[in-house]
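Sequences and hints are given; from them, build the entire structure.
From first to last, the protein sequence lines are chains A and B.
Mapping the first sequence onto the numbering used here, position 230 (from 1) lands on 230, and the numbers just tick up by one.
Mapping the second sequence onto the numbering used here, position 196 (from 1) lands on 196, and the numbers just tick up by one.
Just so you know, these hints were derived from the structure itself, not from any lab.
One or more of the hints may lead you astray.
Stated by the list, open to error - Taking lysine-lysine and the BS3-like style, the derived pairs with C-alpha atoms no more than 27 Å apart in a straight line are: (1) K187/B to K278/A; (2) K278/A to K11/A; (3) K239/B to K76/B; (4) K73/A to K51/A; (5) K187/B to K239/B; (6) K278/B to K187/A.
Number of protein chains: 2
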Amino acid sequence: MSQPKYLTGDKAAIQEFLDRFDVFLFDCDGVLWSGDHLFPKVPETLDMLRKAGKQLVFVTNNSTKSRADYKKKFDKMGIEAKVEEVFGSSYSAAVYIARILALPPPKNKVFVVGETGIEQELDAESVPYIGGTDPAFRRDMTPDDFAGLANGSALDPDVGIVLTGLDFHINYLKMATAHQYLQRGAKFLATNIDSSLPMSHALFPGAGSTGAGIRYAAGADPVALGKPSQAMMEAIEGKFHFDKARTCMVGDRLNTDIKFGIEGKLGGTLAVLTGVNKKEDFLREGSEVVPMAYVDVLGDLVA
Amino acid sequence: MSQPKYLTGDKAAIQEFLDRFDVFLFDCDGVLWSGDHLFPKVPETLDMLRKAGKQLVFVTNNSTKSRADYKKKFDKMGIEAKVEEVFGSSYSAAVYIARILALPPPKNKVFVVGETGIEQELDAESVPYIGGTDPAFRRDMTPDDFAGLANGSALDPDVGIVLTGLDFHINYLKMATAHQYLQRGAKFLATNIDSSLPMSHALFPGAGSTGAGIRYAAGADPVALGKPSQAMMEAIEGKFHFDKARTCMVGDRLNTDIKFGIEGKLGGTLAVLTGVNKKEDFLREGSEVVPMAYVDVLGDLVA
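Here is the structure:
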């Protein structure tokens, strides 16, 4: 595998790299911002790309936000973006459930372990669900819960799917309930299984971590609909009809973003060092996932 | 590997099996009871063994109870037992931390993700701790928590160990806090990593499941002090000084109880079918863990 090209400070190399692509898929957390901290020169970089006629798509595994929520986040951060340019793992999961899995009603109800972003995207695709942000599931487990889950009286017989995403309100009751549905044959999906979430310049447990208890209890892995799943690439491609050879994936994570681009046979991948992975992770001998090029921060493309 | 002997209904085979051992190590949940449901003829079976001069030790991975709590549970269930006969994974973990790990104070403080059983056993070994059942950790994560954990101001600089056990109050704040300590070099221990907990004739998430989010976020496995860890066998042996060749482990789980006995080179293992594993699990071709003998229910030994 060839060494990735380091672009920071090399104007000619940057121009040559950008000229190879018409479409840029951007990860958001760890690339554009970390939590509420916008990285330097991000709006300028995106403006430069738009002015050069590039198509931008924001591809995020963050399942806590719907596309509409994401649009608000972009507005708040002072970044121009349209709802149609956003593609989240919650949306990807909702599309997969409604159009690919397409279980016959009423047995297509989803038990959601996650936040409002998932609920909004399921609503948009008219998929019925329970759980999620319902306060009835945000409490301690009681002896009655153990009994009711064990004998099934506390379960909804129409639930055919368990969908896990990042859940800041994960608790034992949700884990136990999801576990019971899975033991009774529910299909197991995840918006994504990222181990960590970059926030405030640090790493916090990600969707894969808040869902790990259910995975471990069930002894089974979910179908993950976020990056690097190619189900997400197919969904994006179906919507935007781009030329893969002229498309570049930009991200901070090797095992999600960069892998997503490589396995999706995109023309290129660009790593930024403002998130989870450091350059040592892909420059070391034997790294399994190596980007085509990298910059220290995204803003280096216009610096 | 030879086929396990089925003892139920075979008086002569039972007698021959019992005569081979002086000491019986019993798992509790799934063997003596499931939750608050006592299995048939359990007191009679234990009485019969005591009258035959056998030594009984109750070896449990349930970390939510201290040895004293367990004694109360035995009393409530109408089973005779002494505190000294109980050996729990919380006790095993406390002994390991205090006597084996023996970090120099004050950097030996433990961040506990678990219930009161762990706290009581750490107290008994004079190990300092935070977390556990402290209400300050039983709440939603706030933006200030993200900031304080990221910059370290919300962390106790003396914490050198993260210890996870079964936690019915697992939440994002605890997971994120444990994750930060681990990223800062804290040692990672678990009372046990059982995937499930038998309750009300059903399976619920066990200690390995409530701790799985922290494991997945950290990308590291803890040193597990419960069965099948031989650290627990050494601790039991150190206390009771029994002859391993004349000792039998009785349990419902292949990958904890039976494995514990086999890897500990005990004289025998006896599986009961009232818990997690079914006989098909060890009778099938290629099963990695096979008990020496099995009965349908423990009470079959006196039936």
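Right, here's what the structure says about each hint:
1. K187/B to K278/A: holds, 24 Å
2. K278/A to K11/A: At roughly 22 Å apart (the allowed maximum being 27 Å), K11/A and K278/A satisfy the hint.
3. K239/B to K76/B: holds, 26 Å
4. K73/A to K51/A: Between K73/A and K51/A the Cα gap is close to 22 Å, so the pair holds against 27 Å.
5. K187/B to K239/B: holds, 26 Å
6. K278/B to K187/A: Within the cut-off at roughly 24 Å; holds.
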